[in-house]
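Here the protein sequences line up with chains A and B, keeping their order. Whatever position you read off the first sequence (first residue = 1), add 1439 for the working numbering. Whatever position you read off the second sequence (first residue = 1), add 2 for the working numbering.
Hints in this document: simulated from the structure, not taken from any laboratory. Any given hint might turn out to be false.
The following label-pair restraints were derived from C-beta to C-beta distances [as the list claims (entries may be wrong)]:
(1) A:1821 to B:208: 21 to 27 Å
(2) B:40 to A:1849: 15 to 21 Å
(3) B:129 to A:1562: 19 to 25 Å
(4) B:182 to A:1456: 53 to 59 Å
(5) B:10 to A:1883: 17 to 23 Å
(6) B:152 to A:1861: 29 to 35 Å
(7) A:1873 to B:215: 58 to 64 Å
(8) A:1703 to B:152: 34 to 40 Å
(9) A:1450 to B:215: 24 to 30 Å
(10) A:1849 to B:153: 28 to 34 Å
(11) B:108 to A:1821: 50 to 56 Å
(12) B:216 to A:1769: 35 to 41 Å
Glycine residues also receive a C-beta, built at the ideal position from the N, C-alpha and C atoms.
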Amino acid sequence: MTFNSFSFWLLFPILFGIYWLIPAKKNQWRKVFLIIVSYLLYMNWKPAFALVLLAITLVTYAGGCVINPLQDTRKRKRFIWLFAFLAILPLLVFKYYNFVNESIWSFLSSLGVRYELHGLNWAIPVGISFFTFQAVGYLFDVYYKRINAEKSIVDYTLFVCFFPQIFSGPISKAGELLPQIKEEHKFDYQQGVQGLKFLLWGMFLKLVLADRLGLYVDKVAADYAMYSGGTCVLSAIFYSLQIYGDFAGYSLMAVGVAKTLGFNLINNFNRPYFSVSITDFWRRWHISLSRWLKDYVYIPLGGSRCSKLRNYWNIFVTFLVSGIWHGANWTFIVWGLIHGVAQIIEKAFGWNNKESKGFVRLLRIAGTFILVTVAWIFFRMPTLGDAVHFIGHGIKDISAPEVLSVTNFAIYLMAIALVAFKETREEFFPTKLRFLNNRSMRWVEYVVIICLILLCGALDSGSFIYGSF
Amino acid sequence: MEASDMKKFILHILVFFAIVAVVDFAAGKVFHYLQANKAGGRTGAEYYACKESNEDIIIMGSSRASHHYVPQILSDSLGMSCYNAGQDGNGIILQYGRWKMISERYTPKIIIYDVNPVFDLCQNDNMAYIDRLKPFCDDREEKSYVAGIFPMEKWKLFSQMYRYNYKFLEMTSDCAKQSEDKLKGYIPLYGEIRKEMVDAPRPEKNPMIMVDEVKIHYFELLTKECKEKGIQLVFVASPAFRGGGYSVETFAEVRNIADEYQVPFYYYYDSEYSENPDFFKDSQHLNDEGARQFSKEIASRISL
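This is chain A alone, in the form it adopts within the complex:
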């Protein structure tokens, strides 16, 4: 059950009411209630996969308890790898078995050897990449002695399964979320209102921006050779905006729902398309994953406190992992590597931390957006061949883009203009147009946004793009 489903909106006021009706002093009951709700919502999709969630929870909980008291470094190392392996095993099997199997099969076939294992015709447990990374992150935090192992199985279970973030993150750190779980929450008006604002804007990004643009993108991507190059270029730009609206929209809704329940989750996005470099982009896009990769891949590899070449290698490996995390397909790996190589080049030329102003800044923003958009083509297309042909078609056949549907196009332009206005103001003129912040204007804005959602949103649309990762 996703946040954009009508069922969730019927259910949520009831959950909200029951949660806050449980007295703050009975925090344990609140936690048990949230665990039950989280598991029920998860089981609403495919009940059996709740066992995977439970298994990962128990393995990492046990891992933490075993590793924490150990003093012997070699033993700690042995156990962290054992438990980390056990925790990521379901992810490897569900998400990567078929990919590895097919890749080996096609490699052997090219050598003339025909040896095939049966593929798994299973669905992937929704959100497995997110809750696995969150749980493994906890294990490594215990291993690096950043935190002590969690003793309460109830608190730890809620940490892994907390429903606002289980389907598509954000990936929380134990040091941030576990103390909040232990805290006795008192309802805070400002936090609640903030949560609803996030929810509303998240819904707009998802239903009006992302899902409407998705209609154009899907149509062109399914049969790109039939459309003009200009149409392909426009659909690539639209996809950049679609995936932002989709994922940032989901993240905002998750953060918003958590806030109404008294929890503060990490904000996953910070106007990423105003980045002046790819390095800057990864400080603003999917911040919780970037942080995870930095803490548990990049820094353990040596980070930047090593030779230049070794540092470049560390960046390369980190983005390789990022690509693999996103999906079991070469397209995701290439997408990750484009970002990795771009960051290495930026670092080599010292562009990663270079400040720019005025026109130069705008040029850098445009350049970064173009590069990110090209990389998204690999992310979107089903095969590497399709991605390359799509780009080739866009470059070769320079022509005006087709509108396809005037009505839809009007909605795209309205949604893009509104998002661009909000984000430009926040990025460049945070102190200007103050009248928009006064109370009555804010209420008008909320009513307008909800009306736009009802009138223009793709209200019966399905899942989130990142929900499949």
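Place chain B on chain A using the hints.
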């Protein structure tokens, strides 16, 4: 502090939704007025089909219906008035809803239903097919029909803006279009099929489809109700270029209903018309010339 914060929070939410409800109600009134009184184009044609049509012959089905049957030819041949209520990208789920509205007002003499395998038989997203019925859900029967397929709709349809979701822009632009529909719902396609399609190998037949029981249920209801009201119902599988990808077996479920209720089923999906490229605009749609020839053929079979 906590209790007062919560009270304030809930009060503000209630005030907010009260404001939204007022705006929603007002917007619904405006859209309804535009739809009923000002809109031409597609919106006007749709409103006419559901709320104002009074013709003896009604044609129903998908875009293949709206492009394949010329009401003027059927009228002239059969001596009865005719309206084409075919709707692009839709099938029995929409058309049965329309039938409910038509049958509340009057009883046509003939209904020609053009069966499209994709929109009338295959399992797919039925939610998309109720979309164009939502603005008509002031009608209690219509609302219960929609809620019968998707129970959650009963709640969603409280919102007027939800009913006009996405359609309001089209409706607004349709207000600038002429409301009189001289072609009586027929949408002619001009030009010929692309040469690559003519040169392409014949499509492979794929008679097996995942049949949607919901759609079949409404086919049966439509047939039964027409029979009870003494309406002559005719099922037609109109021509597809080189027989499309389907065969006569694909239509088995509708044929069974037709046999059971002794309703004619005319199969032209893969017929001599299907072999003539001059009659087609694309693989699924006849052009104006093809539609005229085919309408004459159907008129002659009905008149027999």
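Against the structure, the hints come out as follows:
For residue 1821 of chain A and residue 208 of chain B, the Cβ-Cβ distance of about 22 Å falls inside the hinted range of 21 to 27 Å, so the restraint holds. Distance hint check for residue 40 of chain B and residue 1849 of chain A: the Cβ-Cβ separation is about 19 Å, which falls inside the suggested range of 15 to 21 Å. At about 22 Å, the CB distance of residue 129 of chain B to residue 1562 of chain A agrees with the hint of 19 to 25 Å. Range check, residue 182 of chain B to residue 1456 of chain A: Cβ separation about 54 Å, and the 53 to 59 Å hint holds.
A hinted range of 17 to 23 Å for the beta carbons of residue 10 of chain B and residue 1883 of chain A is consistent with their spacing of about 20 Å. One distance hint, 29 to 35 Å for the beta-carbon pair residue 152 of chain B and residue 1861 of chain A, holds here, with the actual separation near 34 Å. Taking 58 to 64 Å as the suggested C-beta distance range, the pair residue 1873 of chain A and residue 215 of chain B conforms, at roughly 59 Å. At about 37 Å, the beta-carbon gap between residue 1703 of chain A and residue 152 of chain B stays in the expected band of 34 to 40 Å.
At about 29 Å, the beta-carbon gap between residue 1450 of chain A and residue 215 of chain B stays in the expected band of 24 to 30 Å. For residue 1849 of chain A paired with residue 153 of chain B, a C-beta distance near 32 Å keeps the hint of 28 to 34 Å intact. Separated by about 51 Å at the C-beta atoms, residue 108 of chain B and residue 1821 of chain A satisfy the suggested range of 50 to 56 Å. In this structure the supplied range 35 to 41 Å holds for residue 216 of chain B paired with residue 1769 of chain A, their Cβ-Cβ distance being about 40 Å.
The structure is consistent with each of the numbered hints, conforming to all of them.
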